[in-house]
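Protein chains in written order, with my numbering: chain P, 1 to 137; chain R, 1 to 137; chain D, 1 to 137; chain B, 1 to 137.
Derived by calculation from the structure, the hints in this document are not laboratory data.
Nothing here was measured: the structure is a model prediction, and the numbers come from that model.
Using N, Cα and C, we set each Cβ at its ideal position, and we do this for glycine too.
Some hints could be false.
[As the list claims (entries may be wrong)] FRET-style restraints, in silico, Cβ to Cβ:
id, chain 1, residue 1, chain 2, residue 2, range
1, B, 75, R, 70, 56 to 62 Å
2, P, 79, D, 13, 29 to 35 Å
3, B, 71, P, 3, 37 to 43 Å
There are 4 protein chains.
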Amino acid sequence: MSSITRISISLASDVLEKFDALSKEQGFPTRSEAITHLIHSSLVQQQWADGKVVAGAITLIYDHHKSQILQKIVDVQHDFGNLVICSQHAHLDRHNCMENIIVRGEMRQIQKLHQGLSAVKGMKHAVLSMTTTGKDL
Amino acid sequence: MSSITRISISLASDVLEKFDALSKEQGFPTRSEAITHLIHSSLVQQQWADGKVVAGAITLIYDHHKSQILQKIVDVQHDFGNLVICSQHAHLDRHNCMENIIVRGEMRQIQKLHQGLSAVKGMKHAVLSMTTTGKDL
Amino acid sequence: MSSITRISISLASDVLEKFDALSKEQGFPTRSEAITHLIHSSLVQQQWADGKVVAGAITLIYDHHKSQILQKIVDVQHDFGNLVICSQHAHLDRHNCMENIIVRGEMRQIQKLHQGLSAVKGMKHAVLSMTTTGKDL
Amino acid sequence: MSSITRISISLASDVLEKFDALSKEQGFPTRSEAITHLIHSSLVQQQWADGKVVAGAITLIYDHHKSQILQKIVDVQHDFGNLVICSQHAHLDRHNCMENIIVRGEMRQIQKLHQGLSAVKGMKHAVLSMTTTGKDL
Chain P
1 MSSITRISIS LASDVLEKFD ALSKEQGFPT RSEAITHLIH SSLVQQQWAD GKVVAGAITL
61 IYDHHKSQIL QKIVDVQHDF GNLVICSQHA HLDRHNCMEN IIVRGEMRQI QKLHQGLSAV
121 KGMKHAVLSM TTTGKDL
Chain R
1 MSSITRISIS LASDVLEKFD ALSKEQGFPT RSEAITHLIH SSLVQQQWAD GKVVAGAITL
61 IYDHHKSQIL QKIVDVQHDF GNLVICSQHA HLDRHNCMEN IIVRGEMRQI QKLHQGLSAV
121 KGMKHAVLSM TTTGKDL
Chain D
1 MSSITRISIS LASDVLEKFD ALSKEQGFPT RSEAITHLIH SSLVQQQWAD GKVVAGAITL
61 IYDHHKSQIL QKIVDVQHDF GNLVICSQHA HLDRHNCMEN IIVRGEMRQI QKLHQGLSAV
121 KGMKHAVLSM TTTGKDL
Chain B
1 MSSITRISIS LASDVLEKFD ALSKEQGFPT RSEAITHLIH SSLVQQQWAD GKVVAGAITL
61 IYDHHKSQIL QKIVDVQHDF GNLVICSQHA HLDRHNCMEN IIVRGEMRQI QKLHQGLSAV
121 KGMKHAVLSM TTTGKDL
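So here's chain P without its partners, still in its complex pose (with noise of 0.2 Å):
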């Protein structure tokens, strides 16, 4: 992390108010750090629209017992096996898995990976993350 550098902006008086109300009710301790989340939204926003190298999350839901279910993830990941950094499995219920594969890379590649995953027969749902590798924020 870098220095810290302190700006003024001007902001129409009842905005700002509502803003500080919004921030204060979600936790936020100051408006510095209230401001701070809403620039980095934007900028990992960015990333992801300039194809730039990211970070993500892939979850899985899915039966167990599905024939070669199992299976079929894990050769997914191989075919992009320089994108998942690390995996964690839940067991939700006596059926259902979840799966969550943390993955860095080029941003297409990480979109395909997720969309060979949503495609694997039997998968309930895959929901990819986006979010950054954090360097530039």
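Got chain P sorted already, so can you dock chains R, D and B onto it with the hints?
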């Protein structure tokens, strides 16, 4: 609009540098305008999450040759008559029309109107833009 | 519009039951209409991801008393003149206007126009609805 | 999982052709799988809109050198102790960590936990993946 307040905030220097570059690329005249834009978006999102009185636009794409479709679109609007302010119609080609319906009212009601229009037989696409009456910004 | 094809698909019985209940609640007249709706949304999303020629609506909220804002909104539109088909204006209250601009063209250009309008000094909110020219649906 | 039902639906032939092409490109083994995928997404979206018991994953990006950040992240989780199933931690580089928290519970509670983690001082990014416990799919 109200008076203007000048505030100071502290940001990590490298984040500020990246945000300034992005804001310039996006065409914001000043840093204050760029941050105001983020705050406005955040407040509008909150208005929708809280189910407040909001404004929106519903965009429909359909083939006007589809039997009875114009009649049905008008009928659904009349079921929610107090929501609709006005609407606009554009001929995209010989078959396809876009219709834009400007609405204002309680969030849940607007979502129901959007759902009702989405379900009209022959509707190709129906999108809801979530925005604000502007009163609180 | 084209001819109709009848296809058979296999679904888990309990998923089908839940989908039928949801479709009924959403007002779809038939199961075919409800599934067509999902397919249309998926195809439109793909058109935008592929950067094809698409249609959209840009919804602006602003206070028309803001100095020069009407002029600037028109100026930005003229920079992308071939995208704009028509626009519609509603008076939400004494201060606030909603403007709805119907656009058609290459996806990246539409996003740039939306960005340009978002950055106009005094703009309260600017949303882009992503839809289709209807030709491919 | 339950028994399988075979149903027939009617689709515009040209839409079907485009959908088949897209499904093939996305890697779905059959038309039934591709349509099931759309139905699942629609049902999960509805579960979240209805505020039901759902599952999710919260992905955090932060610099673990930030004073007290690990302690605060754990504290917030304990405030919502019954939601968290487990969590996973990956070292993205010398400074940046990704943490993935698997949660299950009432939708509003999950959103509050996400909000609380977003507001922790020093948090770079916090995303919520909305998925399902799998029971209803």
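Here is what the structure says about each hint:
1. B/75 to R/70: 56 to 62 Å: Taking Cβ atoms as reference, residue 75 of chain B and residue 70 of chain R lie about 58 Å apart, which means the hint holds.
2. P/79 to D/13: 29 to 35 Å: holds (33 Å)
3. B/71 to P/3: 37 to 43 Å: violated (25 Å)
In summary, the one numbered hint that this structure violates is 3.
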